[in-house]
Structures are given as C-alpha cells and as structure tokens.
Amino acid sequence: MGGDAVTALNIARALSKKGFECEFALDHTAPGLLLQKENIKWHKISIPQAGGHAATKTKLAKAGVKTTKAALEAVKLIRKTKPDVVVGVIGGGAIIACASSKMARVPAVGILITPTDAKVCGKLNANVVLPESNLFQQELTNENLHKAYSPINPEVIGGNREKALEKMPESFDPQKPTILFSSGSSLFEITAQAVQDIADYEKSRIDANIVVVGHPLKDEYLQYLEGEKIINLGYVDWIHDLYHLADVTVLSDDGVMIHEAIACKVPIVALTGVKYGRYHNMAAVFPGAVLESPREKLAETLKSALENIDNLKSQAEKYGDDVLRSADKIADIIVIEAQKGRKN
7 MGGDAVTALN IARALSKKGF ECEFALDHTA PGLLLQKENI KWHKISIPQA GGHAATKTKL
67 AKAGVKTTKA ALEAVKLIRK TKPDVVVGVI GGGAIIACAS SKMARVPAVG ILITPTDAKV
127 CGKLNANVVL PESNLFQQEL TNENLHKAYS PINPEVIGGN REKALEKMPE SFDPQKPTIL
187 FSSGSSLFEI TAQAVQDIAD YEKSRIDANI VVVGHPLKDE YLQYLEGEKI INLGYVDWIH
247 DLYHLADVTV LSDDGVMIHE AIACKVPIVA LTGVKYGRYH NMAAVFPGAV LESPREKLAE
307 TLKSALENID NLKSQAEKYG DDVLRSADKI ADIIVIEAQK GRKN
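If you read the sequence shown in our numbering, its first letter stands for residue 7, the second for the next number, and so on.
No wet-lab data here; the hints were simulated from the structure. Built from N, CA and C at the ideal position, the CB exists for glycine as well.
DSBU-like mimics (lysine-lysine), calculated; alpha carbons at most 30 Å apart, straight line:
hint	residue 1	residue 2
1	Lys-43	Lys-224
2	Lys-43	Lys-335
3	Lys-125	Lys-335
4	Lys-346	Lys-86
5	Lys-23	Lys-86
6	Lys-173	Lys-224
7	Lys-108	Lys-24
8	Lys-108	Lys-346
9	Lys-43	Lys-24
10	Lys-24	Lys-346
11	Lys-125	Lys-72
12	Lys-319	Lys-303
13	Lys-47	Lys-82
14	Lys-182	Lys-271
15	Lys-125	Lys-86
16	Lys-82	Lys-72
17	Lys-346	Lys-129
18	Lys-271	Lys-209
19	Lys-169	Lys-271
20	Lys-86	Lys-47
21	Lys-129	Lys-24
22	Lys-303	Lys-224
23	Lys-182	Lys-324
With beta-carbon atoms standing in for the labels, derived distance ranges:
hint	residue 1	residue 2	range
24	Arg-85	Asp-206	55 to 61 Å
25	Gln-345	Thr-147	21 to 27 Å
26	Lys-129	Arg-85	18 to 24 Å
27	Glu-145	Met-109	30 to 36 Å
28	Trp-48	Asn-150	23 to 29 Å
29	Asp-243	Lys-24	25 to 31 Å
30	Glu-29	Asp-225	31 to 37 Å
31	Leu-78	Asp-179	55 to 61 Å
32	Lys-47	Pro-293	38 to 44 Å
33	Lys-125	Glu-208	46 to 52 Å
34	Tyr-282	Arg-111	32 to 38 Å
Build out the structure end to end from the sequences listed, making use of the hints.
This is how it looks when you write it as structure tokens:
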C-alpha cells in the first residue's frame with residue numbers, strides 16, 4: 007500500500023520469485039505512472055500524507071484526523087482481497103497499511119523511512135527500516151524492527167555503456183570524464199543549479215561531460231540547463247545504461263538511486279539539501295563509497311571524486327552484494343510474517 011512505487015515494485019518482484027501474487031493500492035490521487043508503464047493495475051484508497059521528514063505539527067495533526075477514516079477504507083479492501091500479508095510502503099502508506107491490517111487481524115510489514123511511520127508502525131507489527139530513517143544507524147532493541155538497504159532491481163548492473171553512448175548528442179566527448187546529475191525521476195531546483203555551477207568552467211575548473219536527467223518539477227528550472235556544455239536528457243527510462251557511462255554521479259542524499267549506483271560501483275557525490283532540506287547522511291551509511299557536499303562546495307568535492315575514482319569504486323564493492331540482496335532480504339521478512347497467518 008502507498009509510498010514509493012519503485013520501492014514497492016522491487017519488493018514485489020522479489021516476492022513474486024518466492025511464489026507470491028502481489029497487488030498494489032495507491033492513493034486516489036496518485037497517477038501511478040510507473041505501474042502504468044509496467045501494465046499493472048492497482049486499487050485506490052486514501053493515504054493521508056504529513057510531509058515525511060519535513061512534516062510539521064500542523065500537517066501531522068491534519069493527517070491524523072484523516073487516518074482513522076482512511077484506515078477503515080483500507081480495512082474494506084483487505085477484507086475484499088483477502089491477502090496473506092499486507093506491506094505498507096513508507097510514510098502514510100506504511101501507517102495506513104499497518105493500522106488497517108491490525109484492525110483486520112492480518113499480518114503486515116511496514117517499510118519505514120520517516121520518524122512518524124517508525125513511531126506508529128513500530129508498535130503494531132514487523133517493520134523494515136531503510137537507510138533514510140534516523141533509526142538505521144542506531145542499535146535497534148525493538149524486535150519488530152529490522153534493517154535493510156533500499157531494495158533495488160538487480161538488473162541494474164546489466165546496463166550497457168555502448169547503448170548509452172549511442173544516445174548521446176554530438177556535443178558529448180568520449181575523451182572527457184562524464185558526470186551524471188540526478189535527483190530521481192523529477193529534477194529539483196538545487197540539482198539544476200548545481201549543474202549550472204559545474205558547467206561554468208571559469209567557476210568550477212572542471213572539464214567534463216555534464217549530463218543531467220529528470221523532468222523538472224517546475225518549467226522555470228530549465229533556465230539553469232541552457233548552457234551549451236550541459237547535456238539535458240530529461241526523463242529517461244535507460245538510467246541503467248547511464249550508470250555504466252558515468253565516471254562520477256551527483257545524486258540527491260536519499261533513495262534508490264544511491265543504492266543503484268553503489269551496486270554498479272559508480273563513485274557517488276551525495277548533494278545535500280536537495281529535497282525540502284532533508285538530510286539523510288548517506289555518506290555514513292556507505293562510508294568510503296559516498297562523498298557528500300552542499301552545493302557551495304560541490305566543485306571541490308567533485309575534483310576529489312574524479313581524482314579518487316578507483317578507490318571509491320573499490321569501497322563500493324564492499325556494499326554491492328548486500329545492496330543487490332536487499333529486496334530478497336525484505337521479502338524473506340515478509341514471508342515469515344505471512345506464515346504467521348490471520349488471527350480470526
């Protein structure tokens with residue numbers, strides 16, 4: 007139920023390999039673009055959002071008022087579909103799934119990244135804490151809480167550098183290093199501004215192919231990408247190939263993309279403060295493999311990354327196998343809970 011579609015889909019893929027049939031439930035307003043692309047239909051329920059890590063007391067209060075009604079709606083769906091287990095994915099999705107499953111007396115597992123979902127779901131059922139959660143780097147004493155890296159699709163490591171090269175414009179110079187910028191499927195303003203900064207050689211003193219992907223959250227962000235040295239690819243569905251073309255990636259300090267880059271052994275600079283000022287300290291999650299930097303110091307950090315590519319790749323190898331197995335690890339936890347059965 008709910009949450010990040012990529013995370014949900016990667017977990018579902020792992021469960022499918024273990025013999026499970028998976029159904030999805032999204033908020034009534036969710037466009038479900040990724041599921042549409044995969045030709046997957048979904049149920050529609052209400053999933054109040056409080057703003058995740060950026061939640062205020064006011065937003066939490068408003069979401070709380072809506073939660074009971076939304077949970078009752080989800081209970082009806084559970085009773086209709088009769089699942090063996092319910093998986094709640096991140097934030098409001100985790101809270102509604104765990105609360106409604108408790109009411110319907112069906113096993114559940116929450117996938118957690120925010121302080122609020124951890125506080126609520128930790129009291130209800132088994133949960134998996136992902137690296138964005140403040141709990142990930144703590145010693146966990148609650149037997150309901152397990153740690154895991156963000157689940158990724160193992161096929162990511164099968165990307166093809168030559169295919170990416172074929173799609174590059176004439177301005178791409180294969181003799182230069184390539185820096186890939188991304189903040190996910192959506193391009194956030196700070197990432198776009200960082201692209202503009204690094205593309206200005208007089209300021210950055212970095213001579214490289216500057217490649218950026220993602221659909222701008224606002225059209226006005228396109229103004230930062232107008233330089234002739236910037237290769238703006240927009241939204242792409244071949245990011246796996248780009249990982250194998252990039253010498254260094256500049257990614258937002260969160261989410262699946264950092265895990266994918268780790269699996270592909272691509273050096274990473276985590277750009278901080280990109281998404282609503284959130285800070286996840288991914289450099290501490292993957293020490294030695296991820297450098298972090300605010301926008302103001304990005305040129306300096308990128309120079310260090312470019313000078314130490316081999317070392318960063320070597321460090322990434324330490325985590326690559328565990329990251330690739332994460333979806334299966336989460337699926338195993340879900341299977342154990344499903345085997346506990348309904349409580350009639």
